[in-house]
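Here the protein sequences line up with chains A and B, keeping their order. Quick note: the first sequence uses full-length UniProt numbering, first residue 1, plus one each step. Quick note: the second sequence uses full-length UniProt numbering, first residue 1, plus one each step.
Possibly wrong hints are sitting among the right ones.
Here are the simulated DSSO-like cross-link-like pairs (lysine-lysine), alpha carbons at most 27 Å apart as the crow flies [said to hold, decoys possible]:
id	chain 1	residue 1	chain 2	residue 2
1	B	Lys106	B	Lys119
2	B	Lys70	B	Lys106
3	A	Lys78	B	Lys70
4	B	Lys23	A	Lys6
5	B	Lys12	A	Lys6
6	B	Lys66	A	Lys55
7	A	Lys73	B	Lys66
Since the hints were derived computationally from the structure, they do not count as laboratory data. Predicted, not measured: the structure shown is a model, and the values here were computed from it.
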Amino acid sequence: MFRIFKSMLVGIPISITFCDSIGYVARVDGTSMQPVFNPDRNHQDYVFLNRWIIKGDDIGLQRGDIVSLVSPKDPGQKIIKRIVGVEGDVVSTLDYKSNVVKVPQGHIWVEGDHVGHSMDSNMFGPVSMGLVTAKASSIIWPPSRWQYLKSEVPVHRLNAIITS
Amino acid sequence: MVVNSNFTGVLKKFSGTLWYLVKFGCVTHCVMEYFGDFVFCTGPSMEPTIYTNNVVISDQMSVWMKRIDKGDIVIAKLPHDRNQLICKRVTGLPGDRVWAGYSYQKVPRGHVWLEGDNKKNSTDSREYGPIPQGLLRGKVICRIWPLNDLKIFS
Numbered sequence: 001m002f003r004i005f006k007s008m009l010v011g012i013p014i015s016i017t018f019c020d021s022i023g024y025v026a027r028v029d030g031t032s033m034q035p036v037f038n039p040d041r042n043h044q045d046y047v048f049l050n051r052w053i054i055k056g057d058d059i060g061l062q063r064g065d066i067v068s069l070v071s072p073k074d075p076g077q078k079i080i081k082r083i084v085g086v087e088g089d090v091v092s093t094l095d096y097k098s099n100v101v102k103v104p105q106g107h108i109w110v111e112g113d114h115v116g117h118s119m120d121s122n123m124f125g126p127v128s129m130g131l132v133t134a135k136a137s138s139i140i141w142p143p144s145r146w147q148y149l150k151s152e153v154p155v156h157r158l159n160a161i162i163t164s
Numbered sequence: 001m002v003v004n005s006n007f008t009g010v011l012k013k014f015s016g017t018l019w020y021l022v023k024f025g026c027v028t029h030c031v032m033e034y035f036g037d038f039v040f041c042t043g044p045s046m047e048p049t050i051y052t053n054n055v056v057i058s059d060q061m062s063v064w065m066k067r068i069d070k071g072d073i074v075i076a077k078l079p080h081d082r083n084q085l086i087c088k089r090v091t092g093l094p095g096d097r098v099w100a101g102y103s104y105q106k107v108p109r110g111h112v113w114l115e116g117d118n119k120k121n122s123t124d125s126r127e128y129g130p131i132p133q134g135l136l137r138g139k140v141i142c143r144i145w146p147l148n149d150l151k152i153f154s
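Excised from the complex, chain A in its bound form:
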């Protein structure tokens, strides 16, 4: 009994630290990232969220990457979106209060691939990079969907960046 307790006392911090610094697996809910995630409504995708890559001073993120972030509207909710613009970019928006937005320093412009079905920067504006928790690197479940996630901006948003 004492041994089980002792191994838990060590095992829990080690696993938490592992998840915090290397990465963890999460389920994707909702349709905002269709068709990349959850293409049909019967299956939900599980993705590996890489936390290692966002550590350090120089964040290793670029346009087209899929990231998970804490929702600016609700700190208890995590959302998964694609980076469309990085700091300094002038982005042409879809249905935002202004037609063009310059992404401020330390911020990013994120959008869901499923236009019109996504709560993203077109609703709450550019988000601080401090809210980004991880980069989604691959779909690992179900096995038929196994793939690395490519870093590419969807076709309909290719000309979203006016100047960079």
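Assemble chain B onto chain A, guided by the hints.
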């Protein structure tokens, strides 16, 4: 033979130490990330409550248990530089109307309004607007350095 057994002994000792360090590091990480840690403050923005070179204890539990109230001093990430931490007082919660330097502004959902106690010398929400609650890291509960000026903030 002798050399060999000696080598495995060293290896055993080395891996034992390494395992101990890993355990220690992981426990420290968890405590600092989810319970509390020490923060070294610099800058004049929180005078006269906290002076430069003071060390305070920040309590991370209040953030994930969502017990941040108006009047609390908090540690947060700077919105435009995620590697820098700031220490300010919460002066507005979502829905509050706050004075933003030249006009009133409503604090949006999921955000807080932060201001330094030293109003004349503080870069805070009056300059960069309300900050998302996701950027909060901890609530300052007491000052432990300098030792002759221990203080609990309530």
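Hints and how they fare:
no. : hint                : in the structure
1   : B/Lys106 - B/Lys119 : holds (19 Å)
2   : B/Lys70 - B/Lys106  : holds (15 Å)
3   : A/Lys78 - B/Lys70   : holds (25 Å)
4   : B/Lys23 - A/Lys6    : holds (12 Å)
5   : B/Lys12 - A/Lys6    : holds (21 Å)
6   : B/Lys66 - A/Lys55   : holds (25 Å)
7   : A/Lys73 - B/Lys66   : holds (14 Å)
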